[in-house]
Structures are given as structure tokens and as C-alpha cells.
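Sequences listed follow chains P and E, in order.
In terms of the working numbering, the numbers along the first sequence are unbroken and rise by one, the last being 378.
In terms of the working numbering, the numbers along the second sequence are unbroken and rise by one, the last being 263.
Quick caveat, the hints were computed from the structure, so don't treat them as lab data.
Given the structure is predicted, the values throughout are model-derived calculations rather than measurements.
It is possible that some hints are incorrect.
[Said to hold, decoys possible] Label-pair ranges, simulated between beta-carbon atoms:
#1 E:Val154 with P:Gly330: 24 to 34 Å
#2 E:Gly225 with P:Thr259: 36 to 46 Å
#3 E:Ser148 with P:Gln285: 20 to 30 Å
Just so it is clear, CB atoms sit at the ideal spot from N, CA and C, and this is done for glycine as well.
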Amino acid sequence: MLRLRVRLVPLTLAGALALAACGTRGGDARDSDAAAAAAANGFRGVITAPPREKPDFTLTDVNGAPFNFRQATAGKVTLLFFGYTHCPDVCPLHVANVAAVLRKLPFEEREAVRFVFVTTDPARDTPERLKEWLGSFDPTFIGLHGSVEEVNRILYGLRMPPIQQADVPAGTAEYEVGHAAQVLAFGLDGLSRLEYPFGIRQDDWAHDLPKLARGELPTGAPPSGPGAVDLKPLGERADVPAVAIRVAVALVPQPATTTEGALYLVLRNNLAEDTLYAVSSEAAQRAEMHETMPGDHKTMGHMMPVPEVVVRAGETLQFVPGGRHVMLLGFSSRPVLGESVPIRLHFRRAGELILAANVVPYADLERLLAAAAASLAP
Amino acid sequence: MQFWCSATTRAWTWTWQAYVGIWIFVLLVAAGMVAWNRVAARRAGMASSPPMHPLFVVGLLVLWLALDWPIGALGAGYLASVHMLQFLLIGLVAPPLLLRGISPQAQALVADHPLIQRLTSPIFALVVFNATVLVTHLPAVADTLMRSQLGSMVIDVSWLVTGLFFWWPVVVELPRRAKFPPPLRMLYLIGGLMFSPVMFGLAGFLAYSETPMYGFYELAPPIPGISSRDDHQAAGALMSVGGATIAFIAMSVIFFRWSKTDQ
Numbered sequence: 001m002l003r004l005r006v007r008l009v010p011l012t013l014a015g016a017l018a019l020a021a022c023g024t025r026g027g028d029a030r031d032s033d034a035a036a037a038a039a040a041n042g043f044r045g046v047i048t049a050p051p052r053e054k055p056d057f058t059l060t061d062v063n064g065a066p067f068n069f070r071q072a073t074a075g076k077v078t079l080l081f082f083g084y085t086h087c088p089d090v091c092p093l094h095v096a097n098v099a100a101v102l103r104k105l106p107f108e109e110r111e112a113v114r115f116v117f118v119t120t121d122p123a124r125d126t127p128e129r130l131k132e133w134l135g136s137f138d139p140t141f142i143g144l145h146g147s148v149e150e151v152n153r154i155l156y157g158l159r160m161p162p163i164q165q166a167d168v169p170a171g172t173a174e175y176e177v178g179h180a181a182q183v184l185a186f187g188l189d190g191l192s193r194l195e196y197p198f199g200i201r202q203d204d205w206a207h208d209l210p211k212l213a214r215g216e217l218p219t220g221a222p223p224s225g226p227g228a229v230d231l232k233p234l235g236e237r238a239d240v241p242a243v244a245i246r247v248a249v250a251l252v253p254q255p256a257t258t259t260e261g262a263l264y265l266v267l268r269n270n271l272a273e274d275t276l277y278a279v280s281s282e283a284a285q286r287a288e289m290h291e292t293m294p295g296d297h298k299t300m301g302h303m304m305p306v307p308e309v310v311v312r313a314g315e316t317l318q319f320v321p322g323g324r325h326v327m328l329l330g331f332s333s334r335p336v337l338g339e340s341v342p343i344r345l346h347f348r349r350a351g352e353l354i355l356a357a358n359v360v361p362y363a364d365l366e367r368l369l370a371a372a373a374a375s376l377a378p
Numbered sequence: 001m002q003f004w005c006s007a008t009t010r011a012w013t014w015t016w017q018a019y020v021g022i023w024i025f026v027l028l029v030a031a032g033m034v035a036w037n038r039v040a041a042r043r044a045g046m047a048s049s050p051p052m053h054p055l056f057v058v059g060l061l062v063l064w065l066a067l068d069w070p071i072g073a074l075g076a077g078y079l080a081s082v083h084m085l086q087f088l089l090i091g092l093v094a095p096p097l098l099l100r101g102i103s104p105q106a107q108a109l110v111a112d113h114p115l116i117q118r119l120t121s122p123i124f125a126l127v128v129f130n131a132t133v134l135v136t137h138l139p140a141v142a143d144t145l146m147r148s149q150l151g152s153m154v155i156d157v158s159w160l161v162t163g164l165f166f167w168w169p170v171v172v173e174l175p176r177r178a179k180f181p182p183p184l185r186m187l188y189l190i191g192g193l194m195f196s197p198v199m200f201g202l203a204g205f206l207a208y209s210e211t212p213m214y215g216f217y218e219l220a221p222p223i224p225g226i227s228s229r230d231d232h233q234a235a236g237a238l239m240s241v242g243g244a245t246i247a248f249i250a251m252s253v254i255f256f257r258w259s260k261t262d263q
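Using the sequences and the hints given, assemble the complete structure.
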């Protein structure tokens, strides 16, 4: 027995050490990303560049009263989420996780935070339904109701994708609604510098919310200036700067295989409204514009094809991880770091823009995209 | 149709799903045991192998129940508490029942092999079982493996295999081998299961951690009415109470058999 006990000691110690090392969090790949992000800016959320201003809109709350978002949430940390109560995955998880963390915060920090849920499914999400559903998580959560057009206007102003819903036959009760999967966090100053995509865990909220409630801001502002961007025009039409559409950056994170990769870019439309209706590349068999959506239950980060993207005059369009992006399918050879991938952007008005997307490490992607976006900021 | 239950991003539905790999695996376990007993009987000069012990069939059913839909699917992708129930069934309930299916001739066939002796020696079996329980429940490991069918299968099979090692010294009695007397068996179960620091440590972390331990359960499509926190707490309670209960039942059986023998 003594031998047995002696041999159990290392096992016990190993167990305790292993558990102490892992703490109370899961260890998926996203954790390391979040940790890296936290190390970079002090927060686990994803930095939004440029910051979003708190929108000024009025919708109807769950009691049927008008609710002016900007006025009613002034001076509070405000988490804004667009979703719907019949959502099978992303919405209840975000709401439940925020509610669970808020319950554990001290009164002062909890009081400094408002959670606002704007329905993207006004047909089914009546004020009564919203009240009951949100109340099951946290009765202080604010539910807002407006028409699809009203909500889309708000989304547009926030540079977020509009509500996407397939045609549903009349009387159909079960259907899904495509919507942005991130929670926007507006700080005490009314600016949203951080957003929280799907995959953010309670531990992340517990890390960030108290800091936001204390008025802390992400440190390490994204690098600015065009120096961080290396745009290589190609071919005869190396005239990108001269045309209405200015592409600040086009990046391909180094793909693991030749099967598929993603293209991210930041561009600005300096003249009249235009439409990006296709993307192509000589280096890949197909290029498709996609939007990350909660989708049809098949994948959590469901990608919905986007047939075209309207870019209004003066608008900066960003294809970024977790949002709009271009899938490059079937590379002829695997792009490696330092190379560039030829890309053609097809606009209805501006015509075809030919550019080179630099192949970069995934770790540098956000920094470069943020720098590019900052370089385009008015 | 899938091969094995694994974490999924689909919302939970009570619609039956087929998992072919699980059926094949359970059939292989059954066929393997029958073949092993037959070979052993033939080598022992018996005309036919003895009939299969009914507890083996129960063990096989328990194994199938734990792996297949709905327990397997719920445990692999939605609820940590059901995952823990799976662990109890696969690692602690099925193995002693399955071991009852090994005929004395089949036991004798392998018992003298040095590898089997090493694998089933109490200290080794206890350490390997507890180490496997610990490693397969580490968030980093579980969050990674449970996302794939192969990874999920590795976890399930590792529980079963190390569970068989763990229970072997308790269940299998070989006349030629040094006896593992009942009091020691009971102590073995107390130290290795009832008050196992690994089981208790994991259960404590699950039940009392501020935030959910496992990312794939926290971010799994929610099942209405069950919060991630409640689910993790239930998993922790199940692990400590379930493990202790199984150990207590096994110790009771050992004790009553021992007292009967003494009488």
C-alpha cells in the first residue's frame, strides 16, 4: 500500500499542475488568438478600425415605447447586438454568455453596462416575445423592435451586413435569418473600438467588461499610414490610384493547401456609387465573395455567398476576417509568403481593377488591414 | 450518416442519427470476445466454448448505449453532463461487465503474457486509467479532440481500454496468479476511483470554476433550459458522485463475496 501511495503522489501533482496550467478556460486555437490580442491591446475583443460612432436611432422597446439608442445609453458601456429570438445558435449563446458574466460582476460594474438586442426578425419577434426571451437571460437587457428597413439602415450606418432572409412562403413559422454575428461594444465615450465575434467566451467577457466599465480603452492603436501597405499594381492597367476605386490593401493569408484561401481587402470609393459584382484571379480556379453568417446550422461561421456589393460614394469597404471576404478556390500552386496573387475586381462603373494581393502570415493580417483602413480614413 | 459522434455546430434535434462506426466497433468487441473464448476453449481441448456470460451482453449494451445516439451525440457535442455520463458508462460500468465475458480458459490464455501482466498490474492499471481520465478531460485536449469524429473516437476508446485495464485486477481471478486479496481490491477502488484525486480534482474544477471549462460545450448550440454553467456543474457532480457510487457498488460486491467465501 505504501508503494501504491508513493506512486500516486506524482500522479496527483501532475493532475494539479495540469489543471492549474489550463485554468478554467478551454484551450482551442482561438484562445491563443485571444491571448495574443489581449497582449496586444489589453482586451480580448477584436479592435474595430476606424471606431464606430454610437448610432443615433429610435426604435420601439419591449413595452411599446420609443427608445432613442444614443440618448438612453449615454455614459454607459453599451453592447449592441443584432439577432433574433428563434436563432438556434449564435444569438442565445452571446446573450447567455453576457448575462452569465454580468451576474458575477460587482454592482457598480454591472450598472455601467447596457445590453441592447435589436431584432432582425421583426415578424416573429414581437415586443412581447422579445421581452419574454430576453427576460429569461437577464430582465435588464433591452430589446428593440423596428422594421427590416429601419434595422438595415442602422446596420448600414454601422458598416455591418444587412439582414438576409430567404423568401419564406406565407405562414411558415420556421425559417432562419442571416445577420451579423458580432456584438459591438461602445465605450463610455460613445465609440465602439471593439467588437466580439462568435467564439468569444464567458472568460473573455469577464476579462473585458470590467475594463470597459472602468473606461479603459484598447491600447496600441492600429498602425496608421500607407507605409504598412504594399499595393502592387499589375499589368497595363496599373492605374489603381487614378481610378475612382482606391484599393488600400489586398492580402491573402498564406493558405495551408492549394484547395482554398481567403482574400481580404480594404478599398474606398472616391466617386459615384458603384457595385463590385465579381472577383477573379488567374491564380485560382474560382473566386467568390462571401459573408460570414450564422446561417443554416451547418456551420457556426456559415458563409453566405454575396452576389455583389454596393459601394457608395465616399464609402470605405472592408473585406475582413469574420465579415465579408473573398474565397479563392483551387489554387494552381500554393501561394507562399512574399509572393503575390493577381486579383481582378470587377466593378460595374469603374470597370476591372487589376492588383496584386500580398501573401502574408495570418498573424499580420489584422494589423495590416487596420493600417490600411486607417490610411483611408478621412 | 456519420462514423462517430463528435462536436457539431448543428442545433440539437431529437431526430435519430446513424453512427456506423459505433455499430462496427460494438460488433467487433462482441466478435472479438467470442473468437477469443473459442480459441481458448479449443486450445484447452474443450469441444465447445462455454456460453457467453449474461453480464457480458449487459456490458455490450451499456457500451452501445453510451456511444450511440442520443447519449453519444449529446455527450459529444452539446452537454458536458451527458459527456460525463458517457465516461462513467464507458470507463467504469461497461469494462467490469465486459470482463465477465472472458472465460477462465481465455483468461488463462493471455494471463501469463508479460505485457498483459504489466498492463493489468494494479499500480500500472490505476495510474494509466487515472492519467487517461486526466488527459482526456483537460480542456485543451477535449476541446481539440471532440471536434473531430476520429478525436472523439480516440477519447471513447481510450476510456474503454484503460477502463478494462483498471477493472481487470478487480474482476479477473486467475488461480495461477498472485492473489489480489479483497481488502486490497477495496483499497484499490477507494484510492483509484472513490477518492481518486484526479476524479475529485476534475469534478471540483467542473463544478466550481467561474466560467465553463470546455469551449466546445460553452459555444455549442444551446439546448433550451440548460445553461452552460448548470451543465458544467452537473457534470462535476456526476463525476464525483457517479464514480464514488460505482466504486461503492463494486466494493460491496467484493465484500459480500469475500464474507461468503470466509463463511
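Taking the hints in turn, this is what the structure says about them:
1. E:Val154 with P:Gly330: 24 to 34 Å: At 32 Å between Cβs, range holds.
2. E:Gly225 with P:Thr259: 36 to 46 Å: This hint holds: roughly 40 Å between Cβ atoms.
3. E:Ser148 with P:Gln285: 20 to 30 Å: 27 Å, holds
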